[in-house]
Every structure is written in C-alpha cells, then in structure tokens.
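The task is simple: from the sequences and hints, build the whole structure.
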Amino acid sequence: MERTSFIGSISAILILVSVIIAHGGSPGVFIDKAGILIIGGGMLCATMVCYPFEEIRKIPTLIRLVYFNKTRSPKDLVELLVSLAESARREGVLSLEKRLENIDDSFLATGIRMVTDGMAPDAVESILRLKIDAVAGRHHTGRGILSAMGRTSPVFGLVATLLGLVLMLSHMDPDKIGGSMAIALVGTLYGVLTANLFFLPFSDKLRYYSEKELERMELGIIGILGIQSGENPRIIRMKLSMFLPPSEVLVESEEGAA
Amino acid sequence: MERTSFIGSISAILILVSVIIAHGGSPGVFIDKAGILIIGGGMLCATMVCYPFEEIRKIPTLIRLVYFNKTRSPKDLVELLVSLAESARREGVLSLEKRLENIDDSFLATGIRMVTDGMAPDAVESILRLKIDAVAGRHHTGRGILSAMGRTSPVFGLVATLLGLVLMLSHMDPDKIGGSMAIALVGTLYGVLTANLFFLPFSDKLRYYSEKELERMELGIIGILGIQSGENPRIIRMKLSMFLPPSEVLVESEEGAA
Amino acid sequence: MERTSFIGSISAILILVSVIIAHGGSPGVFIDKAGILIIGGGMLCATMVCYPFEEIRKIPTLIRLVYFNKTRSPKDLVELLVSLAESARREGVLSLEKRLENIDDSFLATGIRMVTDGMAPDAVESILRLKIDAVAGRHHTGRGILSAMGRTSPVFGLVATLLGLVLMLSHMDPDKIGGSMAIALVGTLYGVLTANLFFLPFSDKLRYYSEKELERMELGIIGILGIQSGENPRIIRMKLSMFLPPSEVLVESEEGAA
Amino acid sequence: MERTSFIGSISAILILVSVIIAHGGSPGVFIDKAGILIIGGGMLCATMVCYPFEEIRKIPTLIRLVYFNKTRSPKDLVELLVSLAESARREGVLSLEKRLENIDDSFLATGIRMVTDGMAPDAVESILRLKIDAVAGRHHTGRGILSAMGRTSPVFGLVATLLGLVLMLSHMDPDKIGGSMAIALVGTLYGVLTANLFFLPFSDKLRYYSEKELERMELGIIGILGIQSGENPRIIRMKLSMFLPPSEVLVESEEGAA
Amino acid sequence: MERTSFIGSISAILILVSVIIAHGGSPGVFIDKAGILIIGGGMLCATMVCYPFEEIRKIPTLIRLVYFNKTRSPKDLVELLVSLAESARREGVLSLEKRLENIDDSFLATGIRMVTDGMAPDAVESILRLKIDAVAGRHHTGRGILSAMGRTSPVFGLVATLLGLVLMLSHMDPDKIGGSMAIALVGTLYGVLTANLFFLPFSDKLRYYSEKELERMELGIIGILGIQSGENPRIIRMKLSMFLPPSEVLVESEEGAA
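Protein chains in written order, with our numbering: chain U, 1 to 258; chain P, 1 to 258; chain Y, 1 to 258; chain G, 1 to 258; chain H, 1 to 258.
I should point out that these hints are in silico values taken from the structure, not numbers from a laboratory.
Keep in mind the model is a prediction, meaning the values are calculated, not measured.
Incorrect hints may appear among the rest.
Heads up, the list lumps identical chains together, so a pair's fine if it works in one copy or across two of them.
Unchecked claim - Cut-off 16 Å, straight-line C-alpha distance, at most; resulting in silico cross-link-like pairs (EDC-like, lysine to aspartate or glutamate): (1) Lys-70 - Glu-55; (2) Lys-239 - Asp-133; (3) Lys-212 - Asp-133; (4) Lys-239 - Asp-76; (5) Lys-70 - Glu-54; (6) Lys-212 - Glu-55; (7) Lys-75 - Glu-54; (8) Lys-239 - Asp-122; (9) Lys-239 - Asp-117; (10) Lys-239 - Glu-79; (11) Lys-75 - Glu-218; (12) Lys-70 - Glu-213; (13) Lys-212 - Glu-54; (14) Lys-212 - Asp-76.
Here it is in structure tokens:
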C-alpha cells in the first residue's frame with residue numbers, strides 16, 4: 001500500500017479542523033446537511049448524465065486504486081525480461097513455456113505465449129499494441145469519470161451558495177443575515193475542497209499510474225520482440241535500462257552508460 | 001434504453017427541490033419567466049450563430065441519443081466476426097454473401113460486401129478508413145453543438161443577472177432590494193445548472209458513445225481485413241479480444257491471455 | 001443565403017429588449033455611449049496589436065462570410081467527380097479539357113488541368129496538398145482574428161466597469177450610487193454579449209465552414225487522383241459517398257453500403 | 001514599418017483618456033505609483049523566475065519586433081526562386097554561385113550554397129529542416145516570454161487590489177473608504193490593460209510573424225529542392241503559387257489555377 | 001549558478017514590502033499564521049494525493065534545480081562532437097574509446113561507447129531515442145508536481161478566505177468586521193503569490209531546461225550517428241550549427257550559412 005495519498009487527504013482535513021478550533025470556531029458551523037446533499041448528490045447525478053451505468057459503477061474501484069494501488073518497480077521487470085532472454089538464448093524459445101506459470105503480469109504472459117506458439121513477430125507486436133491502445137482507452141475513461149466529478153463539484157458548491165442566497169434574500173431578516181451568508185459560503189467551501197482535495201488529484205494520480213503501466217507495457221514489448229528475434233540479452237538489458245530512473249532527478253549521470 | 005443519464009437528471013432536480021422545501025422556501029421563488037427566456041433563448045440564438053440550420057435542427061436528435069442510445073457490446077461483434085472468418089475459411093469468401101442480410105451493422109456490411117465483390121485489400125481498407133473519418137467528423141460536430149450550448153448558457157445566466165441588477169439599481173427601492181437581488185441571482189443559477197446538469201454532460205456522453213462507436217469500427221476493420229487475407233480465425237479472435245474489457249478495471253489480469 | 005446566423009443574432013437582441021420592456025425598464029437605460037466606445041474601440045485596437053493591417057482589413061469580409069456564406073452540397077461534388085471519371089474512362093483523360101470551363105470550383109479546375117497537362121500523379125497530389133495547407137493556414141488566421149475580438153471584448157467590458165466604478169468611488173455621492181453602478185454594470189453586459197453573441201460564435205462558424213471546405217478539397221483529391229489513375233468510376237463513387245451524411249445523425253445505417 | 005500595432009496601442013489609450021475626461025474625471029485619479037510598481041515590477045520579477053537571463057534580456061528586442069517588424073511578401077520570394085530555377089536550368093546549378101551575394105535571406109543563401117557545393121539532396125533537406133526546427137523553437141520561447149508577462153500582469157493587478165483592500169480594511173475610516181477602494185480598483189485595471197492591450201497581443205503578433213516566417217522557409221525548401229533536382233521552373237512556380245493569398249479571403253477562385 | 005530566478009523572487013517580495021511600508025502599513029498585518037498553514041499545508045497535502053511518495057520527495061531537488069541549474073552552451077557540445085568526428089575520421093572509430101573518460105555528459109558517453117562497441121547504427125539510434133523518451137517522461141512528471149502545487153495554492157488561498165469569512169459571519173461583530181475581512185483577504189493574497197511568483201514559474205523554468213536538455217540530446221544523436229557513419233566533419237558541423245542561436249533574436253542572418 002502506497003500511503004502518501006491517504007496521509008495527504010487526512011492531513012489536509014486535520015489542518016483545517018485545527019485552524020477552525022484555534023480561531024474559537026466550532027467545526028459544527030461548517031457542517032451543513034443541505035450543502036453535503038447538493039454537492040455530493042449533484043456531482044454524482046451530473047456524472048451519471050456523462051457516463052452510462054457500466055462506467056459509473058466503477059467509481060468505488062477507481063477511488064480504491066488511488067489509495068491502495070502500488071506501482072511495480074520497472075527494475076524487476078527488466079531483470080525478468082533479461083532472464084527470459086537468457087533462457088531463450090541458451091535453451092531455445094520453447095523453453096519459456098515452462099516459465100509462463102510464474103509470470104503474474106498478464107500482458108507479458110500473453111506476449112511470451114504468442115512467441116512460444118511461433119506466431120510471426122509482426123502479429124505479436126500488432127496484437128500487443130492493440131492491447132496497449134485498449135488499456136490506454138480504459139484508463140482514459142476512468143480518469144474522465146473522476147475529472148467529471150472534480151469539475152462538477154465546485155459547480156454544485158456554487159449552486160448551494162446561490163440557492164442559500166436566494167432563500168436568504170427572499171425572506172430578508174437583518175439579524176440573521178450573517179449566519180445565512182455563512183451557511184451559503186459553506187457550500188462554496190465544500191465544492192472547492194471536494195474538487196481540489198479529492199477528485200481532481202484522484203484523476204491526476206490515475207494518470208500517473210496509467211503512464212507507469214503503459215511504460216511497463218512498452219518495456220514488455222521491447223523485451224518480448226527482442227527475445228523472439230534472438231537479440232543478445234546484453235543489448236536487451238541496455239535498451240530496457242534506458243527507462244530506469246537515475247538516482248538523481250533531471251541530472252542524467254546514470255548507470256545506463258555502464 | 002440506458003437509464004443512467006435520465007435518472008441522473010431527474011435525481012439532481014429532486015435533490016434541489018427537496019432542499020428548497022426543507023428550508024421553508026417555495027420552489028416558486030426559483031421560477032422566473034424572464035430568466036428562462038433569456039437563458040433558453042439566448043443559448044439557442046448564440047448556437048444558431050455558430051452553426052447553419054442543417055446542424056441546428058439535429059439538436060433534438062442529439063438529446064434523444066444521450067438519453068436513449070445504448071452501446072452495443074463489442075463481445076457480440078467479436079463473435080460475429082470470428083464466425084464470419086470461420087465460414088470464409090471453410091466455404092470460401094464468397095459464402096459470406098448469403099450472411100450479409102443478417103448483418104444489421106451497416107459499416108460491417110459495407111466492408112463484407114466489398115470483400116465478396118473481390119475488391120483489393122488496400123481499397124477496402126482505405127474506403128473503410130474514409131468512412132471512419134467521416135463518422136468521426138460528424139460526431140465531432142454533434143458534440144460541438146451541445147458544447148456550444150453548454151458554454152453559452154452560463155453566459156446568458158450572467159446576462160440575466162446583470163440585466164436584473166441594472167434594472168434594480170436604476171429604480172432603487174430599499175424595501176425591494178432583497179427580492180430583486182434574489183431574482184437576479186436566479187438567472188445565474190439557471191445558467192450554471194443548464195450547462196452543468198445538461199449540455200456539458202450531454203456533450204461528454206456523446207464523446208463516450210463516439211469513442212465506443214469508433215472502437216467498434218476499428219474492430220470491424222481488423223476483422224474484415226483478417227477475413228479477406230484468410231487469416232486464422234484463432235488469431236483474429238486473439239486480436240479482437242484485446243479490446244474486450246477485463247472484469248476488473250485497471251487491473252489487467254484478463255482472459256485475453258487465455 | 002444561409003439565414004440561421006442572422007436570425008440567431010436578431011432574435012437574441014429582441015428577447016433581451018422585450019424582457020427589459022416587460023419589466024418596466026426603458027431600453028435607454030442600457031445605452032451608454034462611453035461603454036460602446038470603450039468596448040468597440042478597445043476590442044478593435046487590441047486586435048490591431050495582434051495582427052498587421054493586411055489581416056485587420058479582412059474583418060468586414062469575415063463577418064459577411066458568417067452571415068452570407070453557404071456551404072455547397074458535397075453530393076453535387078460527388079456527382080461531378082463521378083461524371084468526370086466516366087468521361088475520362090470513355091473518351092480519355094484529355095477529353096476533360098473541354099469540361100474545364102464549366103467547373104467553377106477553382107481547386108478542382110487546378111487539379112483537372114494538371115491531369116490533362118499530363119503531370120505526374122505525385123506532383124498533382126503534392127501541389128493540391130500544398131494548396132490545402134495554404135487554405136487551412138489562411139482560414140486559421142481568419143478565425144484567429146475573430147477569436148481575438150471575442151476574447152478581448154469582455155476584457156474591455158470589465159475595463160469599462162472598473163473605470164465607471166473608480167470614477168463613481170472618487171466622487172462618492174450616496175444618492176447617485178445606484179445609477180452609477182448601473183452604468184458600470186452595463187459595460188460588463190456589453191462585453192459579455194459582444195463576445196458570446198457575435199465574435200466567438202463567428203469564429204465557431206468560420207471553423208465549421210473551414211472544415212466543410214477542407215473536406216470538399218479532400219473529396220476533390222480522391223476524385224482527381226482516381227480519375228488520373230483510371231480507377232473504376234463505381235469505386236470512386238463508393239469512396240466519395242463515404243463522406244455523405246446519412247439521413248439520421250449518429251445512426252450509421254446509410255446508403256453508403258448500397 | 002508596419003504601423004497597425006502602434007496605432008492600436010495609442011488609440012486604445014486615447015479612447016480611455018477621452019472617456020475619463022468626458023465624464024468629468026481627471027486622468028490623475030487613475031495614476032497610482034504603487035500600482036505601477038507592483039504590476040510592472042511583479043510581472044517582470046515573475047517572468048525572471050520563469051526564464052534565465054539570456055532570454056529575459058531579449059524582451060526589448062521582442063517588443064521592438066512587434067511594433068517595427070514587417071513581413072516580406074511571399075510573392076517576391078516566389079519570383080526569386082523561379083528566376084533562380086530558370087538560371088539553373090539554362091546555365092547549370094553552379095551558375096547560382098554568382099547570384100548568392102544578392103540574396104539577403106540567410107536561410108535561402110545557406111540552401112543555395114549547399115546545392116552549388118554539390119551536397120546530396122537528402123542532406124540539404126535534413127539540414128534545412130533542422131534549421132526550421134531550431135528557428136521554430138526560438139520563436140516559441142520568445143512568444144512564451146511575452147505570454148508569461150501577459151499571464152502574470154493581471155495577477156499582480158489583483159495583488160495590488162488585495163494589498164490596497166487589506167491596508168484599507170485594517171485602518172477603516174468611513175470617510176475615505178470610497179477613495180481607497182478607487183485606488184485598489186486601479187490596480188486591477190492596470191493589470192487587465194497591461195495584459196490585454198500589450199503583452200498577450202504582442203505574443204499573438206509574434207506567433208503571426210513566426211507562422212509567416214516558417215511558411216517562407218517551407219517555400220524556400222520546395223524551391224531549393226526543385227532547383228537541385230532540375231525540376232521544370234513552371235512546375236516550381238505552380239507549387240509555390242499555391243501559397244499565395246487570393247485577392248478575396250476564403251473564396252478560393254484564385255490565379256493559382258492559371 | 002544562474003541568478004535570474006533568485007533575483008526575481010527576492011525583488012518581487014522587496015517591492016511588495018516597500019509598497020506596504022510606504023503606505024504606512026506594517027508588514028505584520030500581512031502575516032497570518034493560519035493562512036500560511038492552510039495554503040502551505042493544503043497545497044502539499046493535495047499534491048500528495050496526486051503523486052506517490054517517490055515523486056513527492058523530489059520537490060526540494062526540483063526547487064533547487066530552478067534556482068541553481070545552469071544550461072550548458074550547445075556551442076561547446078558542437079565543438080566536442082566535431083572534434084570527436086575528426087578523431088574518428090583520422091584514427092578510426094575505435095580511437096574514441098580513450099576520449100570517453102573526458103566526456104562528462106552521460107548521454108553522449110553512452111552513445112560513443114555503443115559506437116566503439118560496434119553496435120549497429122539502428123540499435124544505437126533506437127537505444128538513444130528510448131533514453132530521450134524516458135528523460136522527457138521524467139521531466140514531464142517533475143513539471144507536473146510543481147504545476148499541481150501552483151494550481152492548488154490559490155485554491156487553498158480561497159479556502160482560507162472562505163473559512164475566515166464563515167467564522168467572521170457566524171460571530172458577527174460590527175467593530176471587528178474590517179480587521180476580520182483583512183485577515184480573510186490575506187489568504188487569497190498568499191495563494192495568488194505562492195502560485196504566480198513561485199510554483200507556476202518554477203514549472204515554466206523546468207520546461208525551459210527540459211527543452212534545452214532534449215535539444216542537446218537531439219544534437220548528440222545527430223553527431224553520434226554522423227560519427228558512426230563516417231560523415232564528413234564539415235557536414236556534421238553544418239548540421240549541428242543549425243541549432244546555434246544567432247546573435248539577434250528572430251532575425252535569421254546568422255553564421256550558419258558561412
């Protein structure tokens with residue numbers, strides 16, 4: 001479990017609550033049931049207009065991914081591919097068949113199986129590229145759902161505020177104007193926080209995971225095609241290690257050259 | 001009929017009405033004929049400046065599509081294409097002619113007919129790609145119309161508000177200022193809801209449908225070209241199944257590898 | 001003449017005027033010479049900083065295009081190209097020379113003339129593609145000018161409002177504050193309407209016309225190259241008919257397959 | 001000198017000053033030293049964080065370009081290239097060497113020299129394309145600097161306003177509230193005008209010049225490669241004339257077909 | 001060290017402080033601990049939801065890069081590559097091995113080593129291009145983190161303001177309303193400045209560095225492939241010098257033609 005996102009969400013809320021208490025406010029002032037209903041419900045309803053049910057029901061899965069997914073190290077993938085290449089060189093491509101059951105990455109397994117089945121390299125590459133396109137398309141839709149929620153929640157925050165203001169102005173009572181205004185503003189606050197602390201960052205994190213996953217798939221294709229064409233494992237390692245991050249960011253003095 | 005969008009629109013309105021009633025407001029306060037006229041009329045008029053009549057008259061059709069269209073399962077398409085490939089392998093490509101009348105997908109039928117007519121593979125692919133481009137262009141225009149409506153409705157909401165404020169300020173009457181302000185704000189509320197509960201999500205849903213439709217067409221081209229070149233139906237199935245969604249989102253451990 | 005844009009502009013203004021009158025306001029309250037000068041002049045001046053004179057002087061032509069241009073039916077173009085292909089097949093490519101004077105589409109005429117001149121197919125295509133790029137570039141600049149006007153007019157609306165507020169606040173007179181505020185807000189109203197009822201939709205409509213024009217040119221290239229290579233007129237018709245719109249939007253069950 | 005931008009900037013300021021005077025305001029009310037310092041200084045400082053010194057020091061040159069640059073007519077370039085092609089056809093490619101000193105366009109001169117040096121056509125094209133990429137990159141950075149200034153000036157206008165409001169609110173004096181508000185609003189006005197009358201249009205104009213310059217370079221490549229391969233000058237003229245603007249915008253009935 | 005960014009940040013703060021003092025305000029009015037906590041903490045927490053820990057921990061390194069990185073002159077790289085090309089021509093490609101230890105650019109060293117190892121040109125190019133893609137991807141993520149901070153800091157500035165307003169309105173005390181409003185506005189000021197003086201310009205500067213770094217890599221590939229194919233050093237210099245900036249911006253009359 002990658003805890004950073006979880007800690008980020010919790011800490012932000014704790015900071016806000018502690019500031020409220022430190023200023024002698026009660027957090028209760030900031031709880032407004034109508035606001036929660038309008039922003040949460042409105043956001044969900046508007047997203048239901050954007051996507052069919054088969055996509056909407058994925059929302060809990062998508063949120064779970066943000067908090068619990070873990071990117072796998074590309075280093076392990078490089079080692080696995082190089083070791084497969086070495087086996088293939090020593091014992092022939094067919095020897096990879098017995099290693100298939102230990103490969104838990106379905107994309108890689110699909111590719112290796114096609115190689116051991118003796119499919120033509122062109123067909124192998126085009127099938128794996130179709131897979132990448134399909135996965136990229138599904139990730140794109142997933143991010144789109146969370147973006148739609150992040151885009152509509154401040155809108156319904158504004159709706160809650162406008163609704164509160166109209167109700168207040170149509171029964172104007174000078175003594176209560178401050179409190180009513182406060183409730184109206186809480187709607188805007190909800191919308192802004194829901195979008196910027198949850199759904200827009202959720203969408204950003206899924207994009208990050210998606211980029212990493214697609215990069216792994218690219219690595220997989222380079223490795224599988226190299227294995228199939230009997231390329232030297234040393235060259236395969238060299239190609240794949242180009243993707244490994246150097247220890248220092250942006251300063252490119254890394255082991256790739258070794 | 002895919003009911004999610006419909007339920008989304010209705011539920012959002014019910015939530016807003018119930019909040020208004022729960023706060024002792026009458027929904028009547030939120031009905032302002034001038035506002036409806038300015039936002040609805042202004043949105044439509046501005047869109048008429050953007051597009052010629054032959055596009056404008058498609059608006060009802062586009063809205064019907066959002067609420068009533070249903071994406072067809074790519075699984076059925078895969079089965080159909082594989083079964084056509086098997087017939088073609090067993091009985092020759094010409095045997096597909098008698099199956100043409102059972103194919104209700106016009107894109108697929110066009111492609112299969114060209115194959116049975118003995119057209120060159122290059123010509124078949126280029127004609128089908130022209131079709132995809134033309135369909136993508138029409139979908140793009142359709143989404144553009146709904147986007148234009150979604151983009152202009154909050155603008156006319158603001159126009160209604162400004163108009164209300166100017167009228168109010170030019171005959172300032174302290175007793176009525178609250179009520180006039182309320183009416184002015186209702187304009188903004190209309191514009192924001194019209195855009196974010198209807199037209200922008202409509203445009204998003206059409207994009208979703210369009211992506212699915214174009215993906216189906218890509219599947220169709222892969223299948224048709226495979227059939228024409230006498231490719232093994234097992235390989236065609238493998239290629240096409242790359243597009244099928246796994247049971248779990250984003251976790252790619254799917255049957256494609258089987 | 002395609003009247004939709006014209007009717008859209010007029011109707012929107014009539015709606016606003018009728019709402020003002022219905023609310024007992026006089027349209028005169030909404031006429032503010034200083035505002036018109038700042039928004040109209042500022043918008044034009046800022047656009048003059050963006051583009052040189054040879055582009056600025058095209059503004060009246062561009063606006064005329066929005067209101068008076070008419071897209072030509074691609075169906076007629078398809079018929080013309082197929083008939084030319086049939087002549088060429090029957091009587092040879094040189095026979096097209098005598099039909100040149102009846103072709104009022106200069107792009108098509110250029111292409112046919114190059115074919116009758118016996119230029120190589122590669123040269124014909126590359127020259128026509130250069131033309132498409134040049135036309136696309138000019139259309140892009142034309143839309144850019146109208147977009148710049150649409151982008152700057154609300155800005156100068158805000159400038160008018162700020163200017164009005166500063167003048168009002170620096171000679172504060174409680175009795176006049178309402179009227180002054182009203183005049184200040186009229187500036188914002190002008191800017192918002194100028195942009196969203198005129199210049200941004202103008203730019204959208206030019207994009208629409210441009211897309212249609214470039215699509216026609218693509219059709220032209222397909223037809224001309226088909227004619228030059230002596231392709232079967234039936235296949236040329238099939239290719240070109242892929243671009244024709246089906247009678248129903250987004251539902252792709254069209255005559256293209258026939 | 002192309003005076004349109006200059007006239008645009010001056011006229012906009014004259015319009016604003018005349019409106020202020022006509023409303024009995026003194027332009028002095030609109031001069032606020034602190035505002036000028038915050039917007040001008042803040043904009044420049046923020047841009048200094050975006051770019052290193054070697055780019056920042058180009059700002060005066062970039063502004064001079066906006067006001068004083070002049071696009072050269074592509075027509076002259078077409079004539080020059082066709083005349084070079086005719087010389088090359090008549091007297092051989094080496095004869096171009098003596099015309100080199102009369103070519104003041106360094107891109108063209110580089111290309112012609114490579115041709116007379118007998119470099120391979122592939123090398124000539126790839127070197128000229130590298131040049132185009134490098135020039136496009138430099139233009140892109142130049143526009144980026146002016147955009148950054150245009151993007152940050154309204155932000156510092158808002159900073160000036162907020163700063164003014166905080167100072168005013170922390171020493172609240174009912175008699176002065178109008179005047180202080182006026183000063184605060186002047187900050188917003190400065191920021192909006194600086195961005196929309198100067199730096200954003202500057203960036204737009206540089207983009208326009210850049211597009212024209214890159215188009216000239218494309219023309220140059222077509223001409224140079226045509227000359228090198230001994231193409232017929234008539235065909236070179238035909239290709240190049242595709243880029244010339246027709247006398248009427250968007251109506252494509254031009255001399256290119258002649 | 002490239003000091004421009006550093007001077008920009010410091011100067012902007014000095015300008016603001018001096019304006020505050022000149023207007024008789026005390027800078028202390030602008031220091032609000034709760035605001036600092038909400039904007040700084042909220043920005044960091046929201047960014048933690050966007051990215052996993054392995055990216056978040058790079059923030060200090062990224063900021064150090066903005067202030068302390070220095071772009072290396074492409075001129076030196078051109079000289080180095082041309083000198084390597086001359087050695088390779090004179091003494092053979094293997095002679096480059098002994099110069100490897102003096103090359104501190106790891107990308108170049110990787111490339112030269114592959115050449116001296118006798119790897120095929122295709123493999124060399126594809127490995128170096130993989131490296132460029134990987135580096136571009138890492139730079140993209142780095143910029144994304146700083147952009148996320150720049151995008152969320154004004155949001156939390158708004159959150160601080162809303163929170164302050166709600167607290168103020170729920171205990172309305174007419175005497176303190178000015179001071180409370182001032183504190184609320186300071187939150188917006190913090191958010192706007194944090195974004196526009198720091199994190200958004202940081203992201204812009206990283207993009208600038210990234211473009212320069214990737215351009216250097218492109219130069220490196222051109223040089224390495226030229227060396228491997230035994231291209232004339234004069235032609236290599238000509239190709240590479242196309243990237244060198246002319247002394248004058250946008251005026252392309254440079255030494256490249258010499």
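Open item on the list: Check the structure against each numbered hint from earlier and tell me which ones fail, lowest number first.
Closed with: none
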